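Asker: Start from the sequences and build out the full structure, keeping to the hints where you can.
In the working numbering, the protein residues as written are 1 to 437.
Keep in mind that a hint or two might mislead.
Straight-line C-alpha distance at most 35 Å; calculated DSBU-like pairs for lysine-lysine [what the hints assert, rightly or not]:
no.: 1; residue 1: Lys-125; residue 2: Lys-94
no.: 2; residue 1: Lys-125; residue 2: Lys-54
no.: 3; residue 1: Lys-54; residue 2: Lys-94
Derived by calculation from the structure, the hints in this document are not laboratory data. Since this is a predicted model, take the numbers as computed values, not measurements.
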Amino acid sequence: MELFPREPPITREVAADAPLAERMRPRSLEEFAGQAHLLGPNGPLGPVLASGAKLPSCIFWGPPGSGKTTLARLLAERAGLRFAAISAVLSGVKDLREEIARAEEERRRGRRTALFIDEIHRFNKAQQDALLPHVERGTVVLLGATTENPSFEVIPALRSRARIFTLRALDEPQLAEIVTRALRDRERGLGARGLELAPEALELIARLAQGDARRALGLLEAAADRATGRIERDHVAAAFESGLPDYDKGGEAHYDVISAFIKSLRGSDPDAAVYWLARMLDGGEEPRFILRRLMIFASEDVGNADPLGLVVATAAAEAFDRVGLPEGRLILSQATTYLACAPKSNASTLAISRASEAVRERGALPVPLHLRNAPTELLRELGYAKGYRYPHDFPGHFVREQYLPDDVRDAQFYEPSDQGAEADTQQRQRSRWQRDR
1 MELFPREPPI TREVAADAPL AERMRPRSLE EFAGQAHLLG PNGPLGPVLA
51 SGAKLPSCIF WGPPGSGKTT LARLLAERAG LRFAAISAVL SGVKDLREEI
101 ARAEEERRRG RRTALFIDEI HRFNKAQQDA LLPHVERGTV VLLGATTENP
151 SFEVIPALRS RARIFTLRAL DEPQLAEIVT RALRDRERGL GARGLELAPE
201 ALELIARLAQ GDARRALGLL EAAADRATGR IERDHVAAAF ESGLPDYDKG
251 GEAHYDVISA FIKSLRGSDP DAAVYWLARM LDGGEEPRFI LRRLMIFASE
301 DVGNADPLGL VVATAAAEAF DRVGLPEGRL ILSQATTYLA CAPKSNASTL
351 AISRASEAVR ERGALPVPLH LRNAPTELLR ELGYAKGYRY PHDFPGHFVR
401 EQYLPDDVRD AQFYEPSDQG AEADTQQRQR SRWQRDR
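Answerer: Structure, rendered in structure tokens:
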């Protein structure tokens, strides 16, 4: 017995001049490439479909071009559900309410709806909250797609009501199979053009696509437009060069631009920092990714030179969740320019590195007796807590005491810089501990 009994392909209206990747979307699970860890006999989705069980609400997490949208649609169709789709980038609460109203109407007629939300991580908390009662009541089966970790981007209440499935980037043999199928398909693909594909050209497409089926088919289509009779490696290389985006949030430029952004912040150049911020936002980068990097930067590179830096970055993340795009760009810009102009110190970063190194080298050194907890008479007789001096009993609420284990008693892990508010900390600590350095 087949895991997925063969059914007639789903007919979808796709314009003849639509991009090749859109024309070649799989029409059945048999055409779907990859994700055997989910759809195979031992995968979590295989038994569900084979047994005819109801399709649960699902969130599909995976890289671009791994098949999240297509898989959601095919699963909904296989389960006999009406498929409705909205984009979290282009839609708001009004669109969501309209789809819910339509789903309620369809349910009264005896047909359930699978509501697919592309890039569900782009919905803010309020928008995600609005989905909850309809998922709970079964008005819709929620199918969400995201390139971001749902643990961070989807509210806990929604995660608890859906199963999360992780899709993997397609490997090169799978991409080569997809490309070859598109080249030969006379109905939807390039088969009618009678083109051949040089083996080295196929290999290059599969490598340059970096796990993304859409990108692979886009490269094939662009290379085919440059070729006559046979697509060579040079045609693919030319298509890649001319079509390479300035910013690809899943590719090398992603790392180059975020690196330039962080280095501009560290270099206290607000103009450069906000430029790279604009590049990322206009290129489609996930704002919450940028906000997480700002929070890290606030501790790593600003630190106690301006303790408000972390407050600003954290507040920006919370404010963005409430506001969303497009106004959220203003919040990102404010946090970026503040942190770029803030005094800089990596003293806290160095402190934890030095302390961790000491722990690794020395192991778990014993806690000095006078610092240990002494809840019983026996422990007090053994000297626990004996001799401990309570700082608030002394002038200035400070008394010199040994708080480190004996083997590292003179170590100084945190060395405040002379920048911003940390300069006052430096002077205060020197006075307290009579340190010259």
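Asker: Please go over all the hints and tell whether each is borne out by the structure.
Answerer: Here's how the hints hold up against the structure:
1. Lys-125 x Lys-94: 15 Å, holds
2. Lys-125 x Lys-54: 28 Å, holds
3. Lys-54 x Lys-94: Within the cut-off at roughly 28 Å; holds.
Taken one by one, the earlier hints all hold for this structure without exception.
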